[in-house]
Each structure stands twice: as structure tokens, then as C-alpha cells.
Amino acid sequence: MDELKKIIRDYVTKEYLEEGDDRVIGNDTPLITGGIVDSFSMVSLKRFLERKYAISIPDGDATPEAFDSVDRIAELVTRFTAK
Amino acid sequence: MTYSAKAREWYQGELGGIRTQGLFKEERYIHSPQAADIEVEFPVGTGVPPKRVINLCANNYLGLSSHPEVVKAAHEGLDWRGYGMSSVRFICGTQDIHRQLEDALTKFLGTEDTLLFPSCMDANAGVFEALLGEQDVLIADRLVHASIVDGMRLCKAMTDTFKHSDMGHLEEKLQEHQDKRFRMVITDGVFSMDGDLAKLDGIVALAEKYDAMVMVDESHASGFIGKTGRGTHEHCGVLGRIDVITTTLGKALGGASGGCVSGRRELVELCRQRARPYLFSNTVAPVIVCGALKVMELISGTTERRDKLEWNAAYWRKLLTEAGFDIKAGESPIVPVMLYNAKLAQDVARDLFAEGIYVVGFFFPVVAKGQARIRTQLSAAHEKRHLDLAIEAFTKVGRKYDILGKTKQQVIEKYGM
Chain B
5 MDELKKIIRD YVTKEYLEEG DDRVIGNDTP LITGGIVDSF SMVSLKRFLE RKYAISIPDG
65 DATPEAFDSV DRIAELVTRF TAK
Chain A
333 MTYSAKAREW YQGELGGIRT QGLFKEERYI HSPQAADIEV EFPVGTGVPP KRVINLCANN
393 YLGLSSHPEV VKAAHEGLDW RGYGMSSVRF ICGTQDIHRQ LEDALTKFLG TEDTLLFPSC
453 MDANAGVFEA LLGEQDVLIA DRLVHASIVD GMRLCKAMTD TFKHSDMGHL EEKLQEHQDK
513 RFRMVITDGV FSMDGDLAKL DGIVALAEKY DAMVMVDESH ASGFIGKTGR GTHEHCGVLG
573 RIDVITTTLG KALGGASGGC VSGRRELVEL CRQRARPYLF SNTVAPVIVC GALKVMELIS
633 GTTERRDKLE WNAAYWRKLL TEAGFDIKAG ESPIVPVMLY NAKLAQDVAR DLFAEGIYVV
693 GFFFPVVAKG QARIRTQLSA AHEKRHLDLA IEAFTKVGRK YDILGKTKQQ VIEKYGM
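Protein chains in written order, with my numbering: chain B, 5 to 87; chain A, 333 to 749.
The hints are simulated quantities; they were obtained by calculation from the structure and are not laboratory data.
Hints are supplied without guarantee of correctness; some may be wrong.
[As the list claims (entries may be wrong)] PhoX-like mimics (lysine-lysine), calculated; alpha carbons at most 25 Å apart, straight line:
hint : chain 1 : residue 1 : chain 2 : residue 2
1    : A       : Lys716    : A       : Lys383
2    : A       : Lys650    : A       : Lys728
3    : B       : Lys9      : A       : Lys495
4    : A       : Lys701    : A       : Lys740
5    : A       : Lys531    : A       : Lys559
6    : A       : Lys728    : A       : Lys716
7    : A       : Lys404    : A       : Lys439
8    : A       : Lys701    : A       : Lys675
9    : B       : Lys9      : B       : Lys56
10   : B       : Lys18     : A       : Lys495
11   : A       : Lys357    : A       : Lys675
12   : A       : Lys732    : A       : Lys660
13   : B       : Lys10     : A       : Lys495
14   : A       : Lys495    : B       : Lys50
15   : A       : Lys495    : B       : Lys56
16   : A       : Lys488    : B       : Lys50
17   : A       : Lys650    : A       : Lys738
18   : B       : Lys9      : B       : Lys50
19   : B       : Lys18     : A       : Lys531
20   : A       : Lys404    : A       : Lys640
21   : A       : Lys701    : B       : Lys18
22   : A       : Lys559    : A       : Lys640
23   : A       : Lys357    : A       : Lys701
24   : A       : Lys640    : A       : Lys660
[To be verified] Per label pair, the in silico range of CB-to-CB distance:
hint : chain 1 : residue 1 : chain 2 : residue 2 : range
25   : B       : Glu23     : A       : Pro382    : 41 to 47 Å
26   : B       : Asp32     : A       : Arg717    : 52 to 58 Å
27   : A       : Leu355    : B       : Arg55     : 37 to 43 Å
28   : A       : Lys701    : B       : Asp63     : 26 to 32 Å
29   : B       : Glu22     : A       : Ile350    : 25 to 31 Å
30   : A       : Asp543    : B       : Lys56     : 23 to 29 Å
31   : B       : Glu23     : A       : Leu486    : 28 to 34 Å
Just so it is clear, CB atoms sit at the ideal spot from N, CA and C, and this is done for glycine as well.
Chain A with its partners taken away, still in its complex shape:
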């Protein structure tokens, strides 16, 4: 036996420590397809029957996760192209439909070429190492997603950061690193915890001034940010001027799985030659490719869904503000309700669940200490009635904890950070 008592004891201690710190993550079991209304079993395994709740925490921004046409296309794809590929792409794991999906993404994102990855996490893990080396520098916004941080760690280039969305600080960094061969500025398009948008117009202007490439993770933007949903680059008027975009099929674009690197032709081609998650893992299964192709068709033909999402987000922000909640200002469908205290965030989320609203509290280390919150996320699948019901529940729970109309300072005074 190699798993010794000593090892078991150590791992039990680690898990105990996570519990003691209040950081233990528990899954909730969903007994229905992903949608605005879902049936959730929580706590799990206790015999408590699933509860029907309004879902305000999915990345199902366009409401396409269970769309009948997407499901139908996936069914047909399963019959037509089988279940699995049993190979990585460059041996015998590429079907013509993989290339069709890459072409559809290229057209939609306004880039030169695209390469699919098993996930956007994989795209971010592979892209930097494939493109940059010791003579180069990666300059990232300090709030980029964890997968970018991991990808940067795997790359031999020097790493540096700039203060969140601070263009003055970014300019200092670009000046400082003029001795490097290549500079790459890295940012999320929409920041997942705060819901704010990167200042891509400013970033691109600085990158052009200081001869740097720009890489943007558009996972929380593709499909709905910008007038036609192309993303943050469309919103900021810099379509065609972003060198590398990574994004996911696991959120707005059907929500199943898969991601991509899209951008300058040579950069994408080099990822095809060198990016390790592409080279050493099967790509997206045919059934998902067929579903995603239908998604691309649906969102390329009309902006109806992203327009509805935009309306829902604005309406929800208005409801929360009028009720007296402290929310992070913005224009994305990510609407954080600020509570500052980790226990308060957990308690409010628990009480909201009892009221039929499914949300999750976020606290350190996912967000900075003293920045605990409930992140609400809107979907085009939400109807006005969902949001009207949700605000009733939020108001009831907000009254219970006496946080309505209170400033950040007042909430912190009452509950601590």
C-alpha cells in the first residue's frame, strides 16, 4: 500500500483546514436542464427533494444551453458523426465540422483564423507558451482570470502586471519593457467578478504606440457584448485590432464545453503546431461541435437574444438599486451585490435559496479580502417575471439583515470585513 496512514492524515488535515476557514466548496445537484428555472438538490444526499428555484448564477447569458434547436442539432450530430474521436486533432481527431466551427468563430469574432481547444482554460494554458519566450514580456491586468495566470506561469517570458484598468500604469509598464523583443498586453474583456469591461480602445492605442500585441479573454463577452454581440472589441470600436482572442463555448455560446484561440493567422497556426493542450488532448466532441455550429447560426442571424439580455441586465440593475442594494456599477449582465463580509454573503445566499432564488456568495480568495459579494448573472432566458420575483426575495432578505440603503461603511461597521 503506497497511500500511507501518514499521507491520509495529512490530506484529511488539509481538508479540515479548508473547512475551518469556511472555504469548503460544496456542489448542489441540479435535476433539470440548465434554464432560468431549475430544480436543485441542496444539501445533497440528505433526502431533501429538489427545489424549484430561479437561477441567477449561470453563465447561460444567451439562454442557449437548452435551446430546442441547439439540442436538436446536437442530437443529429451525434447520429451523424458519432460520440467520440478517440484521438487528438493531428492524428485522426479532426472532422470537417471542427474546421467549419473554427471558420464560423473567425467570421463572428472578426479575426484571421481560429483554433479550437478542449476548453478556454486550455486555450489560456497553451497560448502564451506557444507564442512567446525568454526575450519577451507578458503584461497582464491584475484582475485577469486564473486560467490566464496559469498560462503565464507556463510561459518562459517575463511576467509583469498593471493596476486594474489603469492606462497610466500600463503605459509606464510598456515604457519600462521597451528592451524586450515582444510585449503582449493581456486582459479579460469582461472581468468575471466585477462585471466591468476592459478599456480596450485605450489598451489598443497604447499597444500601437509602444509596439505591443494585445490578447483578450472574451469568455464573459462573446455572443452578447457589443452591438451585434461580437464582444468587447466590438463595444470599444477595435474590431480587427486585437491580436489574440481566447473565448469559450462553455458560457453564452451554448454552454457545453470547448474554447478557442482566435487572432492573427501566424499566431493561430503556431498554436496549432505548439500549444500543448491542443497537441495532447482530444478536442471538442462532434456532438458539441454540431450544437455550437447551430449556436453560431442563431446568433449571427439576429441580435434578438443579446438585446433581451441587455434589457434584462439594465432592468435588474435598476431593481436592485431602487431596493437599496449596493451594486457594482456597469453595463454587463454580471451584477455583483456587494456585502463585504464573507459570512454575510454566505448567509444571504442561503436565505435567498430558501426564498427560491439560486445565487452563490463569493469571498476571499476568489475575490479580495473585504470584497465579499453575491454575483448575480442575467440571461436572455429570464423573463421580466423572474426578475420581479427575484427582487421581492432579495428585498425580504435584505431587510432581514438590515443592509438596504446602507453604505459600504455602514455594512462593514455592522458585520465587519
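Excised from the complex, chain B in its bound form:
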């Protein structure tokens, strides 16, 4: 689980923070409600996870709430990889 969270944190940092933005993404940092990831940009995160873990996350499960922190995203990924 820790490895999974690290991969998500690294992706979020690289993909969504602009150069010079020194914010540190923690496991509970609000991503959507905190304005780091918008609902459009969320698509790339979803695609990244689906490809990396060979899963398919239905749109109904890929909600802003489910993507609002590294912890929640990790839970979601775990749920689908366990299926």
C-alpha cells in the first residue's frame, strides 16, 4: 500500500504541480477540493492508474470524492485490483 501511495504521490507532483511550486503532496492532501487537480485533469490520473495496474475504473466510481486524496485513490485502486 505504501508503494502504491508513493507512486500516486509522485505522479500527482509531476503531473499537476507547476515548476517552482514547492508544495508537498501528502497522503491526505486535498487534491480536488484543494484546487491541485481539476475535474478535467483528473482524467490523466485515472488513465495512468488504469494502465499501470491493468484495471478499469468505471466513470461512476471515478468521482471527485474518490480522487480527492492519495489515501482515497489508493483505496479505489486496491478495490479494483482485488477484483
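Based on the hints, put chain A in the right spot on chain B.
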């Protein structure tokens, strides 16, 4: 009664919340035509007489909003073609002058065809849904205008974004989405909050390499960016290589209202068949069409106004820099004065108004947190004396808040983000 006490209480609470957060927007009443000098009532409804101020926050880039020839053409249009159409375009709401204006815009923008919309907001709301579907992807710069965001939401295509003006990131996205039928890269030509220009030459090169279409919102560019004012595509040397341009008649091009989709013939024609804001709303009124036709004639004949605007923008940037303000570098007539703190931006704007300068503070959610600013906008209607007076006021207020010559860090240390 369907508007229950519970509903009223809830809405009052929402409004209260907006006030508490300091985000409540208030209108100021202008008692004169749009111009470099205007008479503004603020606060409104208090009996305070209107105050004459220098306007540094209008989108009146070419100073044509109250130009006598435009006003005259509109008057004549009103007499000649009436007030309203009382119909959408495809029933009985199209006059020959609507097509004339579309042709004039096509020629000016260097495209294949143009379709008028009630506004550019409507053009952006309708264009994506009309052209793309589930098999496609929209890849937008992360700082595009809110109307593009809304239009993308209405479209069934997949949405993705790239970091602001980051060509490396855009290339990654284009590679990633090669499995899609069509890719469309979306950007503003000039970004409204920062005033920077899109790297359209880079975007077009990548789009050609990865088989993507390019869509540009030129609302803050049409009429004055580029050597002859055609827009960002002219400035970047990619005239004729942009697939879809949306732009507005509500800023430099007379400033009344109306917008358009201009671009590849088939794309424009498909918008005429499918774009919902075109299909289900009246288009631009004849009086505005006549004014806009005069605007197109004026700006097609000479670059005098855009040249003056360019000079004004460069002069204003120089004055602010020499006075010690922290401004966003650039070459457009949008010159943001960075203050970082929302309250400071509001306080400085209020004090400038007292000094006879009309500007507005912008802060989250309009710009990112910690990026509060005063956005100044130049016009060809400004004379040098306007800018000389304005810098006196800015310097006085800047001294009061001790922000002149201070770095971003120093301002943040003093006022917070």
C-alpha cells in the same frame, strides 16, 4: 407558494457565505459612454455623485466602443434594419448583413468561414459538442477561459489538460492520446488574467506532428495582436493553420456583444447545423451587426489604433516597472500588477479609485490562491496624459502600502498570501 422559508433561508446562507469569504461581487454604475474617462457611481445607491475616473479595466482595447463612426453606423442600422429579429437564425432571424459580417470576419481572421453566435461564451459553449464525440479527446491548456471549460463539459469527448504553455507536457499528452479518433488542442490566444500569449507556433507544430486540430479563443487578441491585428496566429506566424478560432465582438471589436466560430469550412458548417447556442437563441441584433461592420472596415483599413495601443502598453509597462511595481512581463495590453494578497488587492483598488483611477482587484477563485493582483488594461483611447496621471496615483498608493521596489517574497512576508 413554492419559494418556501426553508429555501429562502438556504439561499440567504449561501449569499452570506460569499460575503464572509470576501468574494461578493458588487457592480459599479457608469453614467457615461465607455471611454478612457468615465463617470462612475460607487458605492451605488448611496446618493454619492458619480466620480470622473480614468478607466484602466475595460476590454475597450481599440477604443472603438464609443467611436463616432461606429455609433453613427449603429444608428443608421437601427433605422434601416430595425431593432430585433424575433427569431433564431434558421427560421427568420438571418439578414444579409449577418452574412456580410461573417464574411468580413473570415477575411480578417484569415480563415475559410465564420458563424456568428450571440456571444463568444455561446460560441465556446457550442463548438466542442457540435464537432467532437466519444471517440475524441480535447486537450486544453490549464489556464483557458471559463467559457471553454463549460463548453468542454458539454461535449462527450474525453477531456485532458496540459500545464500552462508547456510544450513538452502537451507533446506527452498528444502521444498518450494517439488511440483517439480526433485530437483537438485548445488554448486561449492571449490569457486574460496574465496577459501572456499562447505559443501558437509550437502548438501548431506539435498538432501537425501528432495529427491534431487546434482551437484558439482569440477574444483578448482579435483586432490588435499581430502586425495587422489579426490575432495571436498572425503574431506567431501561423495564419491559415488554425482549425477553429472563437472570438468576441464584445471587446476590441466594438465592445457591444456577439461572438463567432471561424475556421475550416466543414467545421463551421457543422456548427451551423448542430451548435445549440446558435440553434436555440437569437443572434446578434442588426444594430450591433451594423456597428461591427463599421469596426471591421475601420480596422481593416489602418493599423493606427493597434499601433497606438501597442505604444500605450509598452509605455505603461515601463512606467510601472520604473515606479517599482511587480508586474507580469509580456507584450499584450493586459498588464497585471502583482500583489499576491487578496485584501491588499482590494485595498489598493479602493484607494486608487479615490485617486481617480478605476481598476479592479482579482483574487481566488478568479486567479490561483496567492496570486491576487490588479489587472490593468490599456486602450487606444488612452492618451499619454492618462497614463502619466495614472502612474502618479499608483505610486502614491504603492508608497502608502510600502510595496514599491519590493520582491514577491517581501510583499508576502508583509501581507501574507
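Inset, instruction - Hints the structure violates: just list their numbers, smallest first. - result: none
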